[in-house]
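Take these sequences, add in the hints, and give me the full structure.
So the sequence shown is numbered by the numbering used here: it starts at 1 and just counts up by one.
Everything labelled a hint here was simulated from the structure, so no lab data went into it.
Values in this document were obtained by computation on a predicted structure and should not be read as measured data.
The C-beta atom is built at its ideal place from N, Cα and C for all residues, glycine as well.
Among these hints, one or two may not hold up.
Unchecked claim - Derived DEER-like restraints, expressed as beta-carbon distance ranges:
hint, residue 1, residue 2, range
1, A48, N2, 19 to 25 angstroms
2, P96, R67, 19 to 25 angstroms
3, P41, D81, 17 to 23 angstroms
4, D81, A128, 29 to 35 angstroms
5, E9, A147, 31 to 37 angstroms
6, D81, Q143, 21 to 27 angstroms
7, P93, M1, 30 to 36 angstroms
8, G55, L125, 18 to 24 angstroms
9, P146, Q77, 20 to 26 angstroms
10, R97, A52, 28 to 34 angstroms
11, V132, Q77, 30 to 36 angstroms
12, A114, A40, 25 to 31 angstroms
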Amino acid sequence: MNRFETPAEFRDAFDALLAGTHRQLRVYDHDLSLLEIDHAPRHAALRALCVAGGGGRIELLLDDISRVARAHSRLMQLVRDFGHVLEIRQADPDTPRPDQAFALADRHGVLLRADKAAALGTLHLDDARDAVLLNQRFEGMWQRSPAGVSASTLGL
1 MNRFETPAEF RDAFDALLAG THRQLRVYDH DLSLLEIDHA PRHAALRALC VAGGGGRIEL
61 LLDDISRVAR AHSRLMQLVR DFGHVLEIRQ ADPDTPRPDQ AFALADRHGV LLRADKAAAL
121 GTLHLDDARD AVLLNQRFEG MWQRSPAGVS ASTLGL
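Okay, structure coming up:
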């Protein structure tokens, strides 16, 4: 277990989790602002996961998706190119949502922040027990979530 306290340490922990992800990445957070998802090395790691094949999947579940298309152009390019692998949804606003933010990797890696508004948290690179519980929570929220961010705009 590794603890982190600052936004930079949080991003480093996410990068470590991402580096060990081979098949599935799931992220639940308020938005992506703390994560700096478009940072070039992070973007490259996400892209590598998208092109790896083997049924890989990236699912981002956010409380607020209003800024995603404007603030994360590289992520939107991944959605455009790999929509079959990468999906972004907004958590159902009509159901209770946890205060925690978390990221899950391949059913064994867990990055957990007790409060979505703070960077303080822990990284567990091999914690299958907690990963199973958080995956169940994520799956329930994912299934109740409406369609999210689209890479294309349709006009009439």
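Structure-based check of each hint:
1. A48 <-> N2: 19 to 25 angstroms: 23 angstroms, holds
2. P96 <-> R67: 19 to 25 angstroms: 23 angstroms, holds
3. P41 <-> D81: 17 to 23 angstroms: Hint holds: Cβ distance 18 angstroms, inside 17 to 23 angstroms.
4. D81 <-> A128: 29 to 35 angstroms: Since the Cβ atoms of D81 and A128 sit about 32 angstroms apart, the hinted range of 29 to 35 angstroms holds.
5. E9 <-> A147: 31 to 37 angstroms: 34 angstroms, holds
6. D81 <-> Q143: 21 to 27 angstroms: 25 angstroms, holds
7. P93 <-> M1: 30 to 36 angstroms: 33 angstroms, holds
8. G55 <-> L125: 18 to 24 angstroms: Holds - the Cβ-Cβ distance for G55 and L125, about 22 angstroms, lies within 18 to 24 angstroms.
9. P146 <-> Q77: 20 to 26 angstroms: 23 angstroms, holds
10. R97 <-> A52: 28 to 34 angstroms: Between R97 and A52, where Cβ atoms are some 30 angstroms apart, the hint holds.
11. V132 <-> Q77: 30 to 36 angstroms: Given a distance of about 33 angstroms, which is inside 30 to 36 angstroms, the answer is holds.
12. A114 <-> A40: 25 to 31 angstroms: Holds, since A114 and A40 (Cβ atoms, about 29 angstroms apart) stay within the stated range.
When the structure is compared with the earlier hints, no violation turns up for any of them.
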